[in-house]
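**Q** Line by line, the protein sequences give chains V and G.
Each residue of the first sequence is one higher than the one before, starting from 1 at the first, in the working numbering.
Each residue of the second sequence is one higher than the one before, starting from 1 at the first, in the working numbering.
No lab work stands behind these hints: they were computed from the structure.
Just so you know, these numbers come straight off a predicted model, no measurement behind them.
The beta carbon of each residue, even a glycine, is placed where N, CA and C say it ideally should be.
Honestly, I wouldn't trust all of these hints.
Claimed, not checked - Selected chain G positions facing chain V (Cβ under 7 Å, derived; list incomplete):
#1 I44
#2 P98
#3 L126
#4 G130
#5 L364
#6 A388
#7 P394
Number of protein chains: 2
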Amino acid sequence: MINAHPLPDMPCPIGALSQYTAQRVRTAGWIHAVRRLGGVTFVILRDGHHMVQVVIKSHPGALRPETVVYVEADVVDEPRAPGGIELHRPTFDVVSEPANPLPLDLSGPRVEAGLPTRLDWAPLALRHPGSREWLRVTARLVQEFRQALSQEDFVEIHTPKLLATATEGGANVFTVDYFGRPAYLAQSPQFYKQMMVGVLGRVFEVGPVFRAEPHDTARHLSQYTSLDVELGFIRDHHTVMDVLARTLRAMLIGARVEAPELDSWPEVPTSIPVIHFSEALEMLSLALGQDLCQEPDLAPAHEAWLGEWAQATHGSDFLFVEGYPMAKRPFYTYPDPKRPEFTLSFDLLFRGQELVTGGQRLHLYQDYVAALASRGLEPESYEGYLMAFKYGMPPHGGFAIGLERLVARLMGFTNIREATLLPRDVKRLVP
Amino acid sequence: MINAHPLPDMPCPIGALSQYTAQRVRTAGWIHAVRRLGGVTFVILRDGHHMVQVVIKSHPGALRPETVVYVEADVVDEPRAPGGIELHRPTFDVVSEPANPLPLDLSGPRVEAGLPTRLDWAPLALRHPGSREWLRVTARLVQEFRQALSQEDFVEIHTPKLLATATEGGANVFTVDYFGRPAYLAQSPQFYKQMMVGVLGRVFEVGPVFRAEPHDTARHLSQYTSLDVELGFIRDHHTVMDVLARTLRAMLIGARVEAPELDSWPEVPTSIPVIHFSEALEMLSLALGQDLCQEPDLAPAHEAWLGEWAQATHGSDFLFVEGYPMAKRPFYTYPDPKRPEFTLSFDLLFRGQELVTGGQRLHLYQDYVAALASRGLEPESYEGYLMAFKYGMPPHGGFAIGLERLVARLMGFTNIREATLLPRDVKRLVP
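Model the full assembly from the supplied sequences, consistent with the hints where possible.
**A** And the structure:
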């Protein structure tokens with residue numbers, strides 16, 4: 001069971017090789033592809049981040065793709081090569097070879113296989129340089145999200161994912177056998193982030209949320225990563241919208257560097273246009289020639305139309321729609337004091353699709369008691385949550401971004417699974 | 001249901017008030033305590049981060065603790081006051097008042113209640129300044145962890161928490177009703193982080209892990225936050241220990257500022273002493289006058305003795321014990337090529353208790369097949385995991401830090417629940 005292969009010192013990452021031109025360096029990685037041109041063999045070596053071309057004048061022997069090797073070679077300037085360098089006069093040290101023939105060809109510009117196949121073989125398929133870029137985009141988005149918020153004194157929290165009651169969504173909740181009694185997987189950290197506004201004032205969380213979503217569609221997952229924000233002492237939902245715009249701007253600027261060749265990368269404008277829900281319906285009624293003014297929500301086609309309108313009128317990929325009707329928002333949503341059938345909530349549309357939902361929440365205990373009663377909900381099931389409001393809470397609000405959805409939209413993926421590491425859905429629970 | 005109270009613009013955070021001395025400023029927070037001294041009333045105002053003293057010459061009326069107020073007042077230099085400033089000539093704008101009398105007194109130097117009571121009332125009890133400090137320590141530790149690793153080209157990942165098979169621990173796993181079939185909550189991201197070494201080379205994750213731990217002790221939780229790291233192309237487990245030492249050093253230096261008055265805050269020495277497991281047993285046998293050399297693991301009393309030894313001999317709070325026997329380590333652990341009954345794994349002890357576990361893993365497919373067979377495990381249950389090794393993996397290893405355990409040790413808490421936001425255990429599932 002013991003590997004007889006030598007374990008040399010840490011090799012130089014491929015991305016750092018260009019600092020060592022005209023020197024002999026030890027690097028390492030996977031054989032990505034082998035190409036022969038005239039009498040010369042070009043081996044493309046890939047590590048976790050970069051690739052480099054290794055030039056072999058003599059016959060290289062068998063170097064099968066996905067073989068792991070250490071390579072000692074001369075680093076040579078070569079402006080025509082990808083990355084501006086090449087490796088010459090290599091000696092290869094084989095660490096491990098693929099045990100089976102590869103089920104997928106990773107050497108082309110993309111992995112030529114349908115999404116289900118790529119998901120089945122994800123530990124291999126994700127190694128393709130074009131198939132793993134979104135993972136670094138994702139990491140960078142989250143890094144910028146945290147940094148932007150930490151600079152404004154938000155504190156990161158880690159909340160329970162196991163709950164005693166299925167309070168938030170009702171349906172679509174997973175049940176866990178919790179030492180013989182039922183518990184439920186959290187569908188969001190909504191209640192906890194609100195509680196914690198009472199403790200820390202401004203909080204955020206990056207964590208998994210769970211939805212027992214029985215529909216097998218391109219946008220539903222059983223687990224996704226939610227970027228949650230909540231803050232106290234807001235003026236109204238506009239304070240929340242300001243925080244969201246600042247945060248998203250920082251995220252998109254920062255993550256841009258991880259996908260430099262994508263040409264449709266959006267910018268968050270200095271001022272994102274805002275339209276009231278009722279105004280949106282009026283515009284849509286006029287434009288589409290039908291009376292939509294009593295609609296309780298925006299249909300996807302309506303969001304798409306509004307996205308085009310925001311682009312045409314404001315040159316913006318983003319549009320805030322504020323004031324959604326009470327009927328379609330959760331019980332903790334703050335009603336508009338001037339028009340109580342509407343709320344101080346918002347959606348942020350990106351190119352005509354909803355990307356973020358947020359708003360101001362109720363903060364007075366008696367308002368919660370009344371809101372629960374008006375929806376026929378039992379206050380007893382909300383005891384821990386209500387405790388925060390019972391002992392003094394400020395006006396507060398927040399928002400949640402679905403990370404995989406954001407990444408899919410930025411990368412131009414049509415199926416959210418392409419932006420999800422080992423997705424879970426009604427049919428898929430492996431690998 | 002609509003709050004008739006005015007919603008003014010965003011108030012100045014208490015921590016920023018000292019920038020506005022001799023000016024009239026609008027701030028906000030909770031009434032933390034009210035104290036009368038002679039004819040003067042001192043109101044302590046608390047926000048999510050800081051506190052300030054408000055001086056009232058006339059009678060203030062009823063200002064009950066935990067009332068949320070906006071305060072307009074003059075900021076006055078006062079070297080004797082906490083924070084160096086006071087607020088004078090205040091006017092108060094009450095936003096919300098506690099609906100019930102407070103079940104806990106938050107105005108003293110600590111919350112005078114047992115841990116179960118404080119956990120039952122956590123949304124309130126955590127507001128106490130001394131009871132929330134660990135939350136900022138936690139956030140800062142995680143921030144430094146991520147930053148240190150990102151600088152070394154590690155990529156953050158978010159892996160599935162719902163699994164098709166209970167492969168890792170066997171026992172202590174929670175079962176989920178997954179659309180009518182069983183699924184299991186992840187006990188660690190171990191398999192996934194290894195897979196992702198094949199994709200990204202160096203990865204980390206910060207996320208919840210789940211253990212159906214039936215014991216009601218001071219150190220067991222059903223959910224905790226695991227800081228997981230894994231990297232490829234290591235020399236051996238010493239590469240992993242180097243990464244851990246660097247990362248932990250950055251974490252402790254950074255988080256120090258969030259708990260400035262703790263006087264037992266540790267430093268990670270430039271070189272953490274390392275002792276081999278067998279050498280540790282020899283020393284213990286000699287010191288304790290009993291033959292321990294065939295023991296398969298270290299008992300807590302032995303770890304404590306080693307902690308004192310490290311302190312006395314090396315002046316170090318930290319001690320690496322390497323080379324634990326194969327029998328007590330998971331099947332993926334890399335055996336010591338020179339002494340195959342031992343492994344290239346380690347524990348990091350902090351003041352005589354295990355804080356981190358890590359090591360080198362197997363990387364050859366045939367070694368995995370043999371290791372599973374030797375433990376009577378079915379390779380079929382490990383198909384997705386084994387796929388990574390089937391197609392070429394480098395020597396790799398990693399470690400995992402239990403976040404709540406680390407924070408409890410740093411803060412001097414004897415029960416891990418004091419460092420856990422809303423802990424979950426065999427008895428507790430609320431709030």
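**Q** All hints, please: hold or fail.
**A** Structure-based check of all given hints:
1. I44: At 14 Å from the nearest chain V Cβ, G:I44 fails the 7 Å test, so the hint is violated.
2. P98: It holds, given that the least Cβ distance between G:P98 and chain V is near 5 Å, below 7 Å.
3. L126: Holds. Min distance 4 Å.
4. G130: Hint violated; G:G130 Cβ to chain V Cβ min 12 Å, cut 7 Å.
5. L364: holds, 5 Å
6. A388: With a minimum Cβ separation of about 4 Å from chain V (threshold 7 Å), the hint on G:A388 holds.
7. P394: holds, 5 Å
The structure fails hints 1, 4 (numbered hints given earlier, in ascending order).
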